[in-house]
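Colleague: Protein chains in written order, with the working numbering: chain U, 7 to 155; chain F, 11 to 399.
It should be emphasised that the hints constitute simulated quantities derived from the structure, not laboratory data.
A couple of the hints might just be wrong.
Unchecked claim - Taking lysine to aspartate or glutamate and the DMTMM-like style, the derived pairs with C-alpha atoms no more than 25 Å apart in a straight line are:
hint, chain 1, residue 1, chain 2, residue 2
1, F, K17, F, E46
2, F, K279, U, E106
3, U, K95, F, D210
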Amino acid sequence: MTTEATTYLPAGLPQPAPAVDGLDTEFWAATRRHELVVQKCNACGGFQFGPEWVCHHCHSFDLGWQRVSGNGRIYSWERVWHPVHPALKNACPYLVVLVELPDAGNVRMPGNLLGDPLQPIIIGSAVEAVFEDHDGSETLVQWRVTDGG
Amino acid sequence: MSDYTIKDKVAIAGIAETAYYKRGAAPVSEFQLTLEAIIQAAADAGMDVRDIDGFASYSNDRNDPPRLAAALGSPDLSFSNMFWGGGGGGGSGAVANASAALVAGYSKYVVVYRGLAQGQFGRFGQGSQARTISGAAAYTAPYGLMSPAQSFAMRVNRFMHDHGIGQNPLKAISLASYHHAQSNPRAVMYGRPLTAEDYDNSRWIVEPFHLFDCCMENDGAAAVILTTVERARDLRQKPAILLAAAQGSDYRQAAPAHNSPDYGTSNFKTVAKRLYGMAGIDPKDVDVCQSYENFTGGVMMSLVEHGFCAPDEVEQFMTFENFQAPSGKLPLNTSGGNLAECYMHGLELITEAVRQIRGESTAQVPNVDISMVCSGPMVQPVSDLILRK
Ligand SMILES: [Zn+2]
């Protein structure tokens, strides 16, 4: 895993804030430490993302967090050409990918794919998590294609 | 097979819509639009609007039944119902709920309605303008994954990848809607035909959606009045009898952050099965279909999940020719639908399905016995209905 000096999308988009009910406090605390964690059931070992108050596998409320490698595969993708937010006016096209994490039960995480926004995308390509720090806000999880495919 | 208590018991007896406008162009308030549609639907049915004693809507419609009943002077409000979920997933579901109220004896006449003035209120198609965002949206919005088009394009891309499908089926769905709108004077895109070249040359919104793969945003209102078949026969119009209705959502389709296990789907697999089970018909019996186009890719997956073709037959089956009234294999979105008639969140698809049964469509399919509506692909929950003569 690596760290990005600049941000992929311009400032001004809504920034994440941990949920007031505490459900994802640990997820955002971990990204600030540049660690990727996924909710894991202490009863059955099942993973889920986004987090929920109950395990959908076994209905246990005893849930924790598991640090994962940050290595994943592109499950789907899209290239966005039309800005739906004023902050994106000069940022199109940009790439959004949905990444599945084999070491966390293939849960999926959305993020941006770093690099040329016009690059061809191959579903199944290996990617790694890249932590993107934001001043005064939470750290985002972005993705970069690796050679490990 | 269990007994289906609403099957053949309920009919759509009256339909109406206001003039349809471009987004923000309605000259009157959203509440007035809604009242106009309800009053005109009662006139279409040939009944006193004050006899409507039940109200059902969907997608968090802002025009609530107590206010409507008070404004109309309804003496006895007996059913006040909202179908949960956003987008157009609840259009047929609101009809199903209205039918349940009629068969249960809660109400005698139930109106299903939708009013929209997006100049007066916010738009569906824009991203959140908030500075911070919490919960499931925190995993998407900061990455510029904010709008319905963006949320659904990734599902469609995965489906197209899994089945080796290119752009042509999406184009055919778009061309069919615009083609049918050219014979429909109510349509916002009436007099504005779309060619295959126009489609190819149009800008991307988000791949694989061109501009013309996306629904419009409009102002207006529509309403349909349901009652028992018995009562409907005493009214002015030929009843469009509800053969079946179903609503729901497949396993964990609303899992957060795009984690539904089955991802490249319109979310109709279990609902379509229950719909056909209640109706006792097969896809080949469907004479005409109105399938909600938030985006063409959702229609493509919806038609597959309703059994009109297999995923590996999409390229051959989903052609402009096959979708055209009167003689295509599956005349589709014959009023122009959300793409080219009006984005009335799919209630205009239900009024069109009724017109096809009455023989009054502007793109009429001959001898329609079975007229189907699929409401809201890719959202949760979704719903369906089938009308018969
Ligand atoms: Zn568990």
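Colleague: All the hints need checking, so say for each whether the structure fits it.
Modeller: Structure-based check of all given hints:
{"no.": "1", "hint": "K17(F) with E46(F)", "verdict": "violated, 30 Å"}
{"no.": "2", "hint": "K279(F) with E106(U)", "verdict": "holds, 23 Å"}
{"no.": "3", "hint": "K95(U) with D210(F)", "verdict": "holds, 24 Å"}
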